[in-house]
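Please model the entire structure based on the sequences and the hints provided.
Chains as they are written, first to last, in the numbering used here: chain X, 1 to 443; chain U, 1 to 222; chain V, 1 to 172.
The hints are simulated quantities; they were obtained by calculation from the structure and are not laboratory data. Careful, some of the hints might be misleading.
[Said to hold, decoys possible] Taking lysine to aspartate or glutamate and the DMTMM-like style, the derived pairs with C-alpha atoms no more than 20 Å apart in a straight line are:
| hint | chain 1 | residue 1 | chain 2 | residue 2 |
| --- | --- | --- | --- | --- |
| 1 | X | Lys215 | V | Glu40 |
| 2 | X | Lys215 | V | Glu43 |
| 3 | U | Lys153 | U | Asp167 |
| 4 | X | Lys15 | V | Glu138 |
| 5 | X | Lys101 | X | Asp288 |
| 6 | X | Lys101 | V | Glu43 |
| 7 | U | Lys57 | U | Asp6 |
| 8 | V | Lys128 | V | Asp33 |
| 9 | U | Lys57 | U | Glu219 |
| 10 | X | Lys15 | V | Glu40 |
| 11 | X | Lys274 | X | Asp288 |
| 12 | X | Lys101 | X | Glu211 |
| 13 | V | Lys14 | X | Glu211 |
| 14 | X | Lys274 | X | Asp19 |
| 15 | V | Lys14 | X | Glu433 |
| 16 | X | Lys215 | V | Asp50 |
| 17 | U | Lys212 | U | Glu198 |
| 18 | X | Lys101 | V | Asp33 |
Read off the chains here:
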Amino acid sequence: MFATQKQPELLPYGKIREDLFRPLSGMTRKYFAAILIPLLIILFGAYAWTVQLRFGMGVTGLQRPVFWGFYIVDFVFWIGISHAGTLISAILRLTDAGWRKPITRAAEAITLFALMIGGLFPIIHLGRAWYFYWLIPYPNMRLLWPNFRSPLLWDLTAILTYVTGSAIYLYLPLIPDMAQLAQHNVPWRRKLYHALSLGWTGSDTEWHALERAMKLMAGIILAVAISVHTVVAWDFAMAIAPMWHSTIFGPYFVVGAIFSGLAGLMIVMAAIRKFMGLEQYLTRHHFDNLAKLLLLMSILWLYFTLAEHLTVWYGNDPADMAVFGARTRTRFAFLFWLMVGVNFVVPFVLLGIRKLRGITTGVIASFGILLGMFLERYIIVVPTLSVTRLPAASSNFYSPSWVELAITAATFAGMIVLYLLFSKLFPIIAVWEFKPHPHEDEI
Amino acid sequence: MAIDLDRCTGCEACVAACHAENNISISTPEQAAEGRTTHWIRVDRYYEGAFPDVKVKYMPVLCQQCDEAPCEPVCPTYATYHNPEGLNVQVYNRCVGTFYCANNCPYTVRYFNWFDPVWPEPLQLQHNPDVAVRMAGVMEKCTFCIQRIRRGKDEAQTAGQPVADGDIQPACVQSCPAEAMVFGDLNDPESKVSRMAESSRATRLLEDLGTKPKVFYLERGR
Amino acid sequence: MASVTYLLSEFRDKDAVASAIHSLRAAGLGTGDLDVFSEEPIEFRRGVLDRPSHMSLVSVLGAIVVGSVATLFVWWAQNNYAVVTGGMPVYSFWGTGVITYEMTMLGAVLATFGYFLWESGLLRKRDKTKPVPIVPPECICLRVRCTGDDVARPTALLRSAGATSVEKRASL
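What follows is the structure in structure tokens.
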């Protein structure tokens with residue numbers, strides 16, 4: 001059935017442009033509902049945060065010794081999701097994999113929004129959040145500076161760099177499309193696109209500069225992305241808490257981030273394909289490749305998890321084993337094994353068996369992976385804190401309160417809203433990048 | 001500081017004295033069940049054996065004022081640092097509430113103000129004017145009664161004399177009925193605490209972590 | 001002063017553009033007189049219409065500069081407000097190495113983006129005298145700047161290379 005259909009790259013340019021620009025105009029009732037419900041959730045989450053600001057962190061479920069809970073889990077989770085774009089854009093761009101072309105902008109958008117959301121949590125989790133700016137080095141009347149040796153300051157610089165880099169990396173390939181759209185019929189859009197296009201004319205000087213910049217940015221952003229999640233991992237690894245102080249955390253978190261990012265990407269791609277009518281552009285082939293990548297990351301994730309836990313178990317250090325037991329045998333055992341099931345077993349079955357591999361199964365596996373990676377962060381953060389080195393100080397079980405759940409839900413809603421707005425303002429597939437240069441030489 | 005575990009009876013007078021001296025808030029039973037009590041010094045109980053041969057060990061645990069404290073390098077705002085006297089100080093005004101210090105403390109001796117503190121009437125009239133009352137969002141811990149250390153040093157300076165051993169006593173040391181706790185200058189080899197630290201019964205908590213704690217626990221059988 | 005005229009020509013395929021550029025350069029026009037406009041990037045073979053670029057160098061320089069400045073600032077700030085924490089030295093290169101690295105990367109990012117804006121001409125004062133062709137779909141436009149009145153020869157070269165249309169425009 002698909003053999004006779006034209007390959008999307010070979011469709012006439014005008015048709016491609018029409019298809020990709022069409023979703024920008026008009027608003028359906030479905031779209032309106034899709035934006036309204038998340039907005040309400042965001043409002044509720046914002047209210048929950050004001051409650052927390054007013055009364056104190058006591059409204060959360062945190063307690064001594066579990067001083068980090070859902071907010072930190074959320075933080076690591078969202079920064080992890082942000083690796084979607086980097087992998088697809090940068091790595092696939094550097095290796096010149098053609099199938100990435102329709103996916104790059106959608107992936108880069110996920111990266112930027114996930115970073116913006118994740119970057120909120122270092123503020124939200126603070127006991128005195130209104131003083132968050134004390135972490136920024138600025139000349140002040142007390143003549144003091146922040147402590148640059150703290151991993152939290154490393155976090156600040158890493159995320160700042162990554163957000164700047166991602167925003168620029170998203171914006172650069174957008175410029176030619178903005179020039180195309182500058183002839184839009186709606187006046188405010190016309191002004192917006194014209195401003196964003198910076199007067200792009202499409203001359204070869206401009207194209208050369210753009211391509212060079214993008215090639216450089218791809219390499220830079222890849223280096224930054226790896227460092228960002230390593231630095232986030234080092235928030236834990238630099239501490240001497242048992243089963244946090246592990247050398248594997250840096251690479252472990254990077255792999256986990258790419259893993260969860262890809263899962264998020266697959267879900268977003270499926271949604272775009274369905275709701276924006278882009279079946280011709282996001283084909284089974286793309287989902288097949290994404291599924292294979294996801295499978296690879298799943299195996300890699302399992303490898304790292306196994307390596308981490310095996311070495312702890314074999315070493316038999318009492319403090320580590322206390323946490324290990326809590327994770328795998330007692331308090332957190334259900335969550336731990338659920339995580340393994342959803343992160344490895346389910347994707348292995350649904351994506352590994354070729355007959356089962358498809359768009360629907362891919363999306364199911366991806367939702368499972370998102371749950372699994374959220375659980376993985378939870379299992380890294382909470383058990384170590386619950387089981388203290390001095391046994392008498394160990395805690396009752398930590399569970400998130402309504403405030404933490406509301407804010408977490410609000411971030412998911414926020415992602416949906418940001419993405420819906422983005423897809424209405426900008427074409428979700430880069431038109432000029434997508435059409436594979438019919439004038440291209442075979443060198 | 002040196003604590004003689006063979007003398008400790010687990011009476012928790014030190015805990016009560018610390019509360020009174022340092023304006024520590026009172027917790028309700030619900031808060032205790034939630035793990036949200038604040039006891040800058042707490043008495044840990046370890047049970048050995050089964051009934052009827054049960055043995056209980058009491059261990060008062062307070063901030064160890066580590067020389068290489070793991071809580072200090074991780075604070076992004078220098079709300080906790082090592083002062084020239086060798087104390088690990090907590091600067092309430094500078095604390096933003098990142099919780100990193102508490103996560104890194106292997107002794108779990110840091111306490112957080114989850115809400116603004118409350119005292120049931122009329123306990124709020126009993127506050128010590130020398131000690132700040134902390135607000136919600138700020139981390140706190142034992143300071144070795146730094147207000148008493150300051151006062152002791154000031155008085156010694158006014159009198160023109162050096163501080164004598166035993167002049168300065170934190171509230172817990174002062175209130176211990178078994179005289180199990182001793183406080184002094186570890187740099188002075190003649191002080192009581194230095195001699196106790198050199199005892200064959202002396203050990204330190206979690207010493208192999210390299211935190212260099214300054215609280216010595218004396219226990220028979222070492 | 002000789003008057004300047006522009007020839008806006010349209011082509012259907014890239015090889016025709018390449019051969020047109022070739023013959024125009026043989027006739028004495030320089031790369032500064034030629035501009036290709038298109039809706040997607042056109043890759044010519046080496047030597048046809050090269051635009052040398054300093055972007056990699058600028059990127060590296062920007063990285064080094066910002067990274068060094070940031071490291072020096074950290075060193076200065078740590079010493080300016082010298083506080084002992086956990087036995088760590090007041091300034092520790094390894095303890096703040098991540099900041100050095102991230103700021104180096106940030107420098108590279110900003111330098112690349114800034115230089116892109118400059119090199120592409122997007123953020124320079126535009127030369128309003130040059131007419132900009134509107135590129136029809138599937139076409140490539142070649143703009144030739146001719147000094148003086150000798151427009152016939154370039155026009156002929158363009159047509160023989162395969163231009164579908166050649167339009168003469170005076171400078172604006």
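Comparing the hints with the structure gives:
Proximity of X/Lys215 to V/Glu40 is assessed by CA-CA distance (about 16 Å); at most 20 Å being required, the pair is judged to hold. For a cut-off of 20 Å, the pair hint linking X/Lys215 to V/Glu43 stands: about 15 Å separates their Cα positions. With a CA separation close to 9 Å, the supplied pair U/Lys153 and U/Asp167 stays within the 20 Å bound. A threshold of 20 Å between alpha carbons decides the hint, and for X/Lys15 with V/Glu138 the separation of about 12 Å falls inside it, so the pair holds.
Simply put, X/Lys101 and X/Asp288 have alpha-carbon atoms about 15 Å apart, close enough for the 20 Å limit, and the pair holds. At roughly 18 Å between alpha-carbon atoms, X/Lys101 and V/Glu43 fall within 20 Å of each other, so this suggested pair holds. Straight-line distance between C-alpha atoms of U/Lys57 and U/Asp6 comes to about 9 Å, which keeps the hinted pair within the 20 Å bound. At most 20 Å may separate the alpha-carbon atoms for a hinted pair to count; V/Lys128 and V/Asp33 meet this at roughly 15 Å.
Of the pairs offered as hints, the one joining U/Lys57 and U/Glu219 holds, with about 11 Å between alpha carbons and a cut-off of 20 Å not exceeded. The hinted pair formed by X/Lys15 and V/Glu40 meets the criterion: a straight-line CA distance of about 15 Å does not exceed 20 Å. At most 20 Å may separate the alpha-carbon atoms for a hinted pair to count; X/Lys274 and X/Asp288 meet this at roughly 16 Å. Note on X/Lys101 and X/Glu211: the hinted pairing holds, with a Cα-Cα distance of about 14 Å set against a maximum of 20 Å.
Between V/Lys14 and X/Glu211 the CA atoms are separated by roughly 18 Å; this keeps the pair inside 20 Å, and the hint holds. Distance hint between X/Lys274 and X/Asp19 is fulfilled; the C-alpha atoms sit about 14 Å from each other, no more than 20 Å. Taken as a hint, the V/Lys14 and X/Glu433 pair is honoured in the structure, with Cα atoms around 17 Å apart against an allowance of 20 Å. For the suggested pair X/Lys215 and V/Asp50, the alpha carbons sit about 17 Å apart, so the restraint of at most 20 Å is met.
For the given pair, U/Lys212 sits about 15 Å from U/Glu198 by alpha-carbon distance, which is consistent with the 20 Å threshold. A threshold of 20 Å between alpha carbons decides the hint, and for X/Lys101 with V/Asp33 the separation of about 34 Å lies outside it, so the pair is violated.
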